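Could you build the full structure based on these sequences and the hints that come with them?
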Amino acid sequence: MAEHHHDDHTAHVTPLRTYLLAALALLVLTIITVAVAFVNLGPLNDVVAVGVATLKALIIVIIFMHGRATSGVTRLVIVAGILWLAILMVGTFDDYLTRDWLAIPGR
Amino acid sequence: MAVPSIALNTRRHYLNVNYGVKSWLLTTDHKRIAVLYLISITMMFVIGGIAAALMRYELLTPAPDLVESDDYNKLFTVHGIVMIFFFLVPSIPAVLGNFLIPIMIGARDLAFPRLNLLSWYLYAIAAAMTMWVMLSGGIDTGWTFYTPYSSAASPTLVIPTAVGIFIAGFSSILTGINFIATIHRMRAPGMTWMRMPLFLWSLYATSIIMVLATPVLGITVLLLAAERIFRVGIFDPALGGDPILFQHFFWFYSHPAVYIMILPGMGVVSEIVAAFTRKRIFGYRFVAFSSIAIAVFGFLVWGHHMFVSGQSAHAALMFSILSYIVAIPSAIKVFNWTATLYKGSISLATPMLYALGFIGLFTIGGLTGLFLAALAVDVHVHDTYFVVAHFHYIMVGGTSLAYLGGIHYWWPKMTGRMYNETWARFAAITIFVGFNLTFFPQFIVGYLGMPRRYHYYAPEFQVLNVLSTAGATVMLVGYALPFLYLIPSLWNGKSAGPNPWGAAGLEWEVASPPPPENFAETPIVTVGAYNYGPVEEKIG
Amino acid sequence: MEADPHHNPALGHHFETLEQQHDTNILGMWLFLSTEIMLFGVLFTAYILFRVLYPEIFIASSHFQNATIGAINTAVLIGSSLSMALAVRSAQLANRRALLIFLAITAILGSVFLGVKGYEYYEHWHEGVVPGFQWTNTELEPRAQLFFFLYFVMTGIHAVHLIIGIGLVLSLAFRSRKGSRYLGESFLPIELMGLYWHFVDVVWVYLFPLLYLIGRH
Numbered sequence: 001m002a003e004h005h006h007d008d009h010t011a012h013v014t015p016l017r018t019y020l021l022a023a024l025a026l027l028v029l030t031i032i033t034v035a036v037a038f039v040n041l042g043p044l045n046d047v048v049a050v051g052v053a054t055l056k057a058l059i060i061v062i063i064f065m066h067g068r069a070t071s072g073v074t075r076l077v078i079v080a081g082i083l084w085l086a087i088l089m090v091g092t093f094d095d096y097l098t099r100d101w102l103a104i105p106g107r
Numbered sequence: 001m002a003v004p005s006i007a008l009n010t011r012r013h014y015l016n017v018n019y020g021v022k023s024w025l026l027t028t029d030h031k032r033i034a035v036l037y038l039i040s041i042t043m044m045f046v047i048g049g050i051a052a053a054l055m056r057y058e059l060l061t062p063a064p065d066l067v068e069s070d071d072y073n074k075l076f077t078v079h080g081i082v083m084i085f086f087f088l089v090p091s092i093p094a095v096l097g098n099f100l101i102p103i104m105i106g107a108r109d110l111a112f113p114r115l116n117l118l119s120w121y122l123y124a125i126a127a128a129m130t131m132w133v134m135l136s137g138g139i140d141t142g143w144t145f146y147t148p149y150s151s152a153a154s155p156t157l158v159i160p161t162a163v164g165i166f167i168a169g170f171s172s173i174l175t176g177i178n179f180i181a182t183i184h185r186m187r188a189p190g191m192t193w194m195r196m197p198l199f200l201w202s203l204y205a206t207s208i209i210m211v212l213a214t215p216v217l218g219i220t221v222l223l224l225a226a227e228r229i230f231r232v233g234i235f236d237p238a239l240g241g242d243p244i245l246f247q248h249f250f251w252f253y254s255h256p257a258v259y260i261m262i263l264p265g266m267g268v269v270s271e272i273v274a275a276f277t278r279k280r281i282f283g284y285r286f287v288a289f290s291s292i293a294i295a296v297f298g299f300l301v302w303g304h305h306m307f308v309s310g311q312s313a314h315a316a317l318m319f320s321i322l323s324y325i326v327a328i329p330s331a332i333k334v335f336n337w338t339a340t341l342y343k344g345s346i347s348l349a350t351p352m353l354y355a356l357g358f359i360g361l362f363t364i365g366g367l368t369g370l371f372l373a374a375l376a377v378d379v380h381v382h383d384t385y386f387v388v389a390h391f392h393y394i395m396v397g398g399t400s401l402a403y404l405g406g407i408h409y410w411w412p413k414m415t416g417r418m419y420n421e422t423w424a425r426f427a428a429i430t431i432f433v434g435f436n437l438t439f440f441p442q443f444i445v446g447y448l449g450m451p452r453r454y455h456y457y458a459p460e461f462q463v464l465n466v467l468s469t470a471g472a473t474v475m476l477v478g479y480a481l482p483f484l485y486l487i488p489s490l491w492n493g494k495s496a497g498p499n500p501w502g503a504a505g506l507e508w509e510v511a512s513p514p515p516p517e518n519f520a521e522t523p524i525v526t527v528g529a530y531n532y533g534p535v536e537e538k539i540g
Numbered sequence: 001m002e003a004d005p006h007h008n009p010a011l012g013h014h015f016e017t018l019e020q021q022h023d024t025n026i027l028g029m030w031l032f033l034s035t036e037i038m039l040f041g042v043l044f045t046a047y048i049l050f051r052v053l054y055p056e057i058f059i060a061s062s063h064f065q066n067a068t069i070g071a072i073n074t075a076v077l078i079g080s081s082l083s084m085a086l087a088v089r090s091a092q093l094a095n096r097r098a099l100l101i102f103l104a105i106t107a108i109l110g111s112v113f114l115g116v117k118g119y120e121y122y123e124h125w126h127e128g129v130v131p132g133f134q135w136t137n138t139e140l141e142p143r144a145q146l147f148f149f150l151y152f153v154m155t156g157i158h159a160v161h162l163i164i165g166i167g168l169v170l171s172l173a174f175r176s177r178k179g180s181r182y183l184g185e186s187f188l189p190i191e192l193m194g195l196y197w198h199f200v201d202v203v204w205v206y207l208f209p210l211l212y213l214i215g216r217h
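Protein chains in written order, with our numbering: chain A, 1 to 107; chain B, 1 to 540; chain C, 1 to 217.
FYI, nobody ran anything at the bench for these hints, they're computed from the structure. There's no promise every hint is true.
Example chain B residues on the side facing chain C (calculated, C-beta under 10 Å, incomplete) [as the list claims (entries may be wrong)]: (1) Ala-111; (2) Thr-182; (3) Leu-212; (4) Thr-214; (5) Leu-222; (6) Asp-236; (7) Ala-238; (8) Asp-242; (9) Phe-249; (10) Phe-252.
Anything over 10 Å on all C-beta distances counts as not near chain B; from chain A, calculated [as the list claims (entries may be wrong)]: (11) Pro-15; (12) Leu-16; (13) Thr-18; (14) Tyr-19; (15) Leu-21; (16) Leu-29; (17) Val-34; (18) Ala-35; (19) Phe-38; (20) Leu-44; (21) Asn-45; (22) Ala-49; (23) Val-50; (24) Val-61; (25) Thr-70.
These figures come from a predicted structure and were not determined experimentally. By construction, the Cβ of each residue, glycine as well, lies at the ideal position given by its N, Cα and C atoms.
Next up, the structure:
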């Protein structure tokens, strides 16, 4: 009889409770997002909106997508995607935000 | 398993293990997929080459005589699109990379064999769409699709072309994903990162770019198509949009794309130089990490294509400085190849001729890139033939030569046959001479002020243009020759053993052509790449 | 009797172990999701740029979105992520019936989302805020077409991803209706499906506040 190969990945099953709590947290955070939008916080409105969205994204990645069980290389891949998007944004915004900085006509 | 017979036509290998159209069109064997790519890429190269020939013959005289203005615009557009997306970007990765990566790391196939086949089908569909566009009226925006001409004014088939490019982009992305996963997870026991052939480091770096840059091109051409459909959009200044935004997004892919095109060529050169100097590549670690550095820094310089477009002076400065920095890792590679040659046991076989040609021509192309990175110089030469010469030195003098060198180097492995060395050397030299005659005059005529993408030009530029066209004719002959000796070698070529070059590397330890599963048993690697003994004194 | 892993039908011939196959496929899927970050990222970049350049237009345009419907749709998608995660869990626990039920719920909730989105598009057509095709509203200036162009492209591409996702979920459900495919050790395809599905949810998590909730105070 062949050896039983104990695959670590089938052994690690997330408890039902964890998934339910995560979904609940996401719903609560959605309600918070909407509620806060109707309150005037000035520039903080945008910070809260993106901040809460990021928190929701983290919950989804860590709990639903088993983020913590991913290997180091895979985590690097996720970080790289986010970092590269940052490069695109920084480079593009550098142009638009500095269009009048240097005293060169038309630039 | 039975001991394989030595005779070529009775031993089981990837070409004869089964026959029939279905066994090829439904294959998941990376080697067969490489051959499928070889055939389709060659076809596209010929089409791109015909467009180039028509352009060069038109440019024999300063006035339009061969084609009208609109058709000339379509010619340079199709030449750019076909050569970049359907030849240069896929060539070395999809043909040589697909064939060799699993064998070089000691695996039976790539990580995702069916995805590999899908990549080829996407390539073929995109190529077919592009051919249909050409035959149905063409597109005249240039391969750069600048808005607002492409989004609002051009009456040509922009949307179908955009869709074709989107599909081709997906082919590239899936190949990149396959290569990264394969190199990370499927190396044989003992094959550490530092024992990998440098070809794999180059393809790994290339794949990083394919994965992170190509999606940006995909969505950008989609936005372009959407703007044509909606007739309004984010690139339209009348609405408060900005055509420069298109350029930011377009070049965010298209600059790293040039590194997709050159890095694999550099990888091939490393393999050939090591084999034909019978030495380990000098400064292995430097070359390996330079590949990664080129991939990463290549993403930071895209604005150097936009110095005169209207981006801010501050952004232009940043991109200029970064463009100087990105040249450094490429230079490091050139120094290391040169150092490898020193006191090496050099053999000037055909692959080595191509590799040496690469090193010289890539250096010229790269140095002229530094001219262009200087803001003030770029203002003068932007959109002139100087730029055209610069990138052809790298794309043709670099990538194409490396591709041909790689095809010749690994031809015995892929086909089990040797080709006629005399004809092959003659072809290589013809291409080299023809290439320089074509493109060196273009540096001069561009510096003197001849704009690119024009078929009218000032009469004083004619002599240089005639020289360039003469060179192109010589190059055409040079490119035609391999068809005439490589194809017949499939029937008449001398039978190649597993290692006709006496080179080091796992691919030279399997039969030529390799068996379908590459290795009967997974190899265990105990030495680094390029494990050559000490160079012996040559007598006589 | 335990199957010899080298003849395990779930193990590809080019892999040595199930673990290698699992890790490699997960890596491959995350690589693909990184490409999606870049794809959607371009749209978010354009969005941020124009929002900073034309804040008043974005505020005015956002008021044409129905925040309540958007919030309900967000909840629907969260629900579908939950059911997808439970589908993966069911596959791991070799519970075929539960796997089928949760895959079905995922597809249904995803379709509900699309239906609601379709209704929203219909409303936008009637309000005359579709750039180029039906820009007949009288409240917004022409430059507001920038916002709506981005709105339709971003939610449209998101919807395309969702349609593909629903198709794949249904295909997995169909293939798992009999036998023990995807159960226990071979749950990998369900997990890969989950990763894709959750990613599509993450994109919406950012789209919702940025498109529906600007300047609501």
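Hint check results:
With 10 Å as the threshold, the beta carbon of B/Ala-111 comes within range of chain C, its nearest partner Cβ sitting at about 5 Å, so the hint holds. Given hint, B/Thr-182 at the interface with chain C, holds; its Cβ is 8 Å from that chain's nearest Cβ, closer than 10 Å. A cut of 10 Å between beta carbons decides the hint on B/Leu-212: the least distance to chain C is about 6 Å, and the hint holds. This hint holds: B/Thr-214 has a C-beta 7 Å from the nearest C-beta of chain C, less than the 10 Å allowed.
With a cut of 10 Å, the hint placing B/Leu-222 at the interface with chain C holds, because the nearest CB-to-CB distance is about 8 Å. Against a cut-off of 10 Å between C-beta atoms, the interface hint on B/Asp-236 holds, since the closest Cβ of chain C lies about 9 Å away. Among the interface hints, the one on B/Ala-238 holds; its C-beta lies about 8 Å from the nearest C-beta in chain C, closer than the 10 Å criterion. Of the supplied interface hints, the one on B/Asp-242 holds, with its beta-carbon coming within about 8 Å of a beta-carbon of chain C, less than 10 Å.
The closest approach between the C-beta of B/Phe-249 and any C-beta of chain C is roughly 6 Å, which is under the 10 Å cut-off, so the hint is satisfied. Satisfaction of the interface hint for B/Phe-252 is found here, the shortest Cβ-Cβ separation to chain C being roughly 8 Å, below the 10 Å cut-off. The non-interface label for A/Pro-15 is consistent with chain B: the shortest C-beta to C-beta separation is roughly 29 Å, beyond 10 Å. Chain B leaves A/Leu-16 outside its interface by the beta-carbon criterion, the shortest separation being 31 Å against a cut-off of 10 Å.
For A/Thr-18, the shortest C-beta to C-beta distance to chain B comes to about 28 Å, beyond the 10 Å cut-off, and the non-interface label holds. Consistency note on A/Tyr-19: stated as away from chain B, and its beta-carbon is indeed over 10 Å from all of that chain's, at 28 Å minimum. Distance check on A/Leu-21: its Cβ is at least 33 Å (rounded) from any Cβ of chain B, clearing the 10 Å threshold; non-interface status holds. For A/Leu-29, the shortest C-beta to C-beta distance to chain B comes to about 28 Å, beyond the 10 Å cut-off, and the non-interface label holds.
No beta-carbon of chain B comes within 10 Å of the beta-carbon of A/Val-34; the shortest separation is about 27 Å. Here A/Ala-35 stays apart from chain B, with its beta-carbon at least about 31 Å from theirs, past the 10 Å limit. Residue-level check passed: A/Phe-38 sits 28 Å from the nearest beta carbon of chain B, beyond 10 Å. Every C-beta of chain B lies more than 10 Å from that of A/Leu-44, the closest at about 27 Å, which supports listing it as non-interface.
In this structure A/Asn-45 is separated from chain B by more than 10 Å, as the shortest Cβ-Cβ distance comes to about 23 Å. Every beta carbon of chain B lies more than 10 Å from that of A/Ala-49, the smallest distance being close to 22 Å; the non-interface claim holds. The Cβ of A/Val-50 sits about 21 Å from the closest Cβ of chain B, beyond the 10 Å cut-off, so the non-interface label holds. Once the 10 Å rule is applied to beta carbons, A/Val-61 is consistent with being away from chain B; the minimum gap is 19 Å.
With a least beta-carbon separation of about 13 Å from chain B, A/Thr-70 lies farther than 10 Å from that chain, consistent with its non-interface assignment.
The structure shown violates none of the earlier numbered hints.
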